[in-house]
Every structure is written in structure tokens, then in C-alpha cells.
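Asks: Generate coordinates for the entire structure from the input sequences, incorporating the hints supplied.
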Amino acid sequence: MSFPAHRPRRLRTTPAMRRLVAEVDLAPRQLILPTFIREDLTEPQPITSMPGVVQHTTDSLKRAAVEAVELGLGGFMMFGIPAHRDATGSAGIDPEGVLNRAIADVRAEVGDDIVIMSDLCLDEFTDHGHCGVLDEEGRVDNDATLAIYAQMAVVQAEAGAHMVAPSGMMDGQVAVIRQALDAAGLADTSVLAYAAKYASAFYGPFREAVDSQLSGDRRTYQMDASNRREAIHEVELDLAEGADLVMVKPAMSYLDVLADVAAMSPVPVSAYQISGEYAMIEAAAANGWIDRRAAVTESVLSIRRAGADTVLTYWAAELAGWLKEGK
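Mapping of the sequence shown onto UniProt numbering: position 287 corresponds to residue 287, and the numbering continues sequentially without gaps.
These are calculated hints, taken from the structure and not from any lab test.
Using N, Cα and C, we set each Cβ at its ideal position, and we do this for glycine too.
Treat the hints with care, since some could be wrong.
In silico DMTMM-like cross-links for lysine to aspartate or glutamate, where the CA-CA straight-line distance does not exceed 20 Å [unchecked claim]: (1) LYS324 / GLU109; (2) LYS62 / ASP112; (3) LYS324 / ASP244; (4) LYS62 / ASP40; (5) LYS62 / ASP105; (6) LYS324 / GLU158; (7) LYS324 / GLU298; (8) LYS324 / GLU70; (9) LYS324 / ASP25; (10) LYS62 / ASP25; (11) LYS62 / GLU158; (12) LYS62 / GLU96; (13) LYS62 / GLU39; (14) LYS62 / GLU43; (15) LYS62 / GLU325.
Distance windows between CB atoms, simulated [what the hints assert, rightly or not]: (16) ASP217 / GLN151: 39 to 49 Å; (17) HIS84 / ASP217: 18 to 28 Å; (18) ASP211 / ARG7: 34 to 44 Å; (19) ASN287 / ALA5: 43 to 53 Å.
Replies: Right under this line is the structure:
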């Protein structure tokens with residue numbers, strides 16, 4: 001009888017052996033925690049469709065930032081939910097607006113001990129829920145929106161953001177933001193471009209998280225789920241405009257796109273494990289259908305394996321705690 005000469009199973013015999021030959025690993029520094037702060041809250045508000053995630057008060061947000069530093073997380077991303085919205089999202093460019101105040105509060109609390117990131121988009125601040133201002137026919141006006149993005153970038157950087165993250169998928173947004181930052185003497189503020197952001201069904205729970213006012217959809221400016229090559233084109237444009245990092249969003253449903261981007265990008269690549277991806281695992285685990293900790297770890301590892309240098313995930317703090325336990 002002939003036996004196989006090659007036995008890959010030899011490298012799987014013990015946990016130590018598997019650890020020795022692991023091709024990809026997870027570390028807290030690779031994880032970015034997305035957070036939400038809502039104006040006028042007196043205590044953290046649970047988000048029902050995202051078990052374990054809350055809308056923060058100022059105090060609870062600062063505590064979360066301190067914990068993120070203690071856990072060794074790489075980044076702390078903030079989204080703001082204002083008490084009042086209007087057609088142009090004016091609260092987003094108000095230095096005293098909820099997000100800009102939160103950036104300043106967190107920077108004062110943790111300084112440079114973690115990369116403070118801010119979502120740069122209008123959807124949380126507009127009364128129509130779109131990522132830009134609307135023209136007379138109700139369509140998103142790309143170029144009019146860019147002028148507001150430029151203002152937002154400067155206000156967020158002046159508040160203390162180390163990195164701004166334009167997520168609106170407006171054409172030319174990175175170039176306008178980079179020019180505005182440089183002109184304001186903020187050349188050290190970096191830009192994480194949501195370069196390949198798809199119009200996804202998996203954003204559902206996020207709508208609750210930011211109390212979205214959206215009617216309709218964002219398919220005229222976010223990418224179509226059918227398209228793969230187009231993602232490279234979008235990334236190339238953002239790179240040419242000066243993006244310091246690029247992102248693929250969603251992550252788990254677009255691992256092929258993520259792998260493509262990681263293979264060609266000369267700058268670090270992020271991926272966002274979004275609310276629906278989070279909620280599905282939480283729901284399955286709550287029903288006893290899967291092992292929660294194993295599924296969470298495997299899901300984030302899959303994103304790293306596909307090529308992400310950093311992962312935005314709502315499990316960032318919890319996963320970092322597990323990783324520290326294992327050392």
C-alpha cells in the first residue's frame with residue numbers, strides 16, 4: 001500500500017504547533033472600535049438591534065476611550081447623533097456640535113495614546129438622512145456636498161481628530177478634504193477614505209444606531225453589490241487624491257473585493273465589519289446555534305486573512321480582552 005508522503009496534518013497536531021505556523025494573527029492594535037455619541041442623553045442608551053452596543057453620553061464615551069487605550073486598540077472611531085437636524089446638516093460643521101465636542105473631549109481624555117478617528121459625513125446630521133445636500137429635484141448634489149465636507153474636515157481636525165474618515169462616497173471627496181486640511185495648516189491630519197463602500201442590505205441596525213432619517217436609498221452614490229472591478233477604480237481615484245488609508249465596507253460579504261484591494265494598495269487597508277454582520281452573529285449566538293466567542297474570532301480573522309491591515313468591529317474591545325487573556 002502506498003502512503004502519502006505529504007501530511008499537512010503534522011502541522012495541526014497541537015495548539016502550539018498551529019500557533020507556530022499560523023499565517024495570519026489578531027492583535028489589539030489591528031482593531032478599531034466604532035462608537036456613537038448622542039446629544040442630550042443622560043445615560044447610555046442600548047441599541048436593540050446591536051446587543052452590547054450603546055449610544056454614549058459624554059462621560060461613557062470618555063470611559064470607552066480610556067478602556068480602548070488600556071486594551072491597546074489601534075483606533076477609536078466616533079459617530080455623532082445631534083438633537084436637531086436640518087437640510088444641510090449644519091450641526092456637522094458647528095464646532096459646538098455633538099460630534100466635534102466629543103472629539104475634543106476624547107482628545108483631552110486620552111491625548112495621543114490612541115488614534116482618534118471621526119466619521120466625516122452628513123447622513124447623521126441631515127433631516128433627510130442622505131450623505132449630502134439635495135438639489136431642487138431631490139438628488140444628492142455631489143459638488144455642493146464637497147464644500148461642506150471641506151469645512152467638516154477642518155472643524156473635526158481642529159477639535160482633535162488625528163484621522164478623518166469621509167464615508168459619503170462623493171466623487172472627489174478625498175481631494176477636497178486634503179486640500180482643505182493642508183490650507184488650514186493641518187497637514188498632519190490623515191484621511192481614511194471609505195474608498196469602496198457598497199449599498200448594502202446589512203446596514204440595517206446602523207440606521208437605529210444613528211437614528212437615521214433616511215427615506216429611499218443611497219444607490220446612486222454607494223457602489224452596486226454586483227461590481228468587483230469598479231472597486232479598484234474607486235480605490236485608485238482616492239489614492240490619486242491623497243488618501244492615507246483606504247477602506248472596504250462591508251467586510252464579510254465583500255472579502256473578494258477586500259483581497260483585490262489589499263493586493264494592489266500601496267497604503268494600509270481597513271475593512272468595516274458592519275452592523276448587520278455583527279447582529280447576525282449575535283442573534284445566532286443568542287439562540288444557541290453557534291459558539292459566540294469562536295464565531296466572533298473567526299469572523300474577524302477572516303477579514304484579516306483577506307488582507308485587511310485594520311478592522312473596524314463593534315467587538316474590538318471585547319476581542320482585545322480575549323486576546324490579552326490568551327497571552
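Asks: Of the hints given before, which are not true for this structure?
Replies: 1, 3, 6, 10, 15, 16 and 18
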